[in-house]
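J.: Sequence:
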Amino acid sequence: MPLPERQQAVTLIAEANSAGVSLSVAVREVGICESTYERWRKAGGVDATTASAEELVAAIVEDKRDFGFKWGN
1331 MPLPERQQAV
1341 TLIAEANSAG
1351 VSLSVAVREV
1361 GICESTYERW
1371 RKAGGVDATT
1381 ASAEELVAAI
1391 VEDKRDFGFK
1401 WGN
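Note that the sequence shown covers residues 1331 to 1403 in the working numbering.
Treat the hints with care, as some may be off.
[What the hints assert, rightly or not] Okay, the calculated beta carbon distance ranges per label pair: (1) Val1391 - Ser1352: 28 to 34 Å; (2) Ser1348 - Ser1382: 28 to 34 Å; (3) Glu1384 - Ala1349: 35 to 41 Å; (4) Gln1338 - Ser1365: 17 to 23 Å.
[Stated by the list, open to error] Here are the computed lysine to aspartate or glutamate pairs in the EDC-like style, where the Cα-Cα straight-line distance is at most 20 Å: (5) Lys1372 - Glu1345; (6) Lys1372 - Glu1385; (7) Lys1372 - Glu1384; (8) Lys1372 - Glu1335.
No lab work stands behind these hints: they were computed from the structure. The beta-carbon is built from N, C-alpha and C at its ideal position, and this holds for glycine as well.
Based on the provided sequences and hints, a complete structural model is requested.
T.: Below, the structure is given as structure tokens:
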């Protein structure tokens, strides 16, 4: 999911949760799992339209690390 969509998903889930919808139901409606939501929420999202190249690279590296991606061989 592109970063602006991630930010929107995190916002929608948080709003639904604060309105009384359980987190498990809210994330399921968006189509992600709770651990993905927490990772995105903690990352705060990176706005690709305003972020520096360094911020974008850091976000990509962190995303790859979360999935156990191995650089190189």
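J.: Next step is simple, just say for each hint if it's right about the structure.
T.: Here is what the structure says about each hint:
A hinted range of 28 to 34 Å holds for the C-beta pair valine 1391 and serine 1352, which are about 32 Å apart. For the hinted restraint 28 to 34 Å between serine 1348 and serine 1382, the CB-CB distance of approximately 31 Å keeps it satisfied. Evaluation of the 35 to 41 Å hint for glutamate 1384 and alanine 1349 yields a pass: the beta carbon distance comes to about 37 Å. For the pair glutamine 1338 and serine 1365, the beta carbons lie near 19 Å from each other, so the given range of 17 to 23 Å is met.
Proximity of lysine 1372 to glutamate 1345 is assessed by CA-CA distance (about 16 Å); at most 20 Å being required, the pair is judged to hold. Restraint check for lysine 1372 and glutamate 1385: satisfied, since their Cα atoms lie roughly 15 Å apart, inside the 20 Å limit. For the hint linking lysine 1372 to glutamate 1384, the alpha-carbon distance of about 18 Å falls within 20 Å, and the restraint holds. Using a Cα cut-off of 20 Å, the hinted pair lysine 1372 and glutamate 1335 holds, with the two alpha carbons roughly 15 Å apart.
Violated hints are absent here; each numbered hint is respected by the structure.
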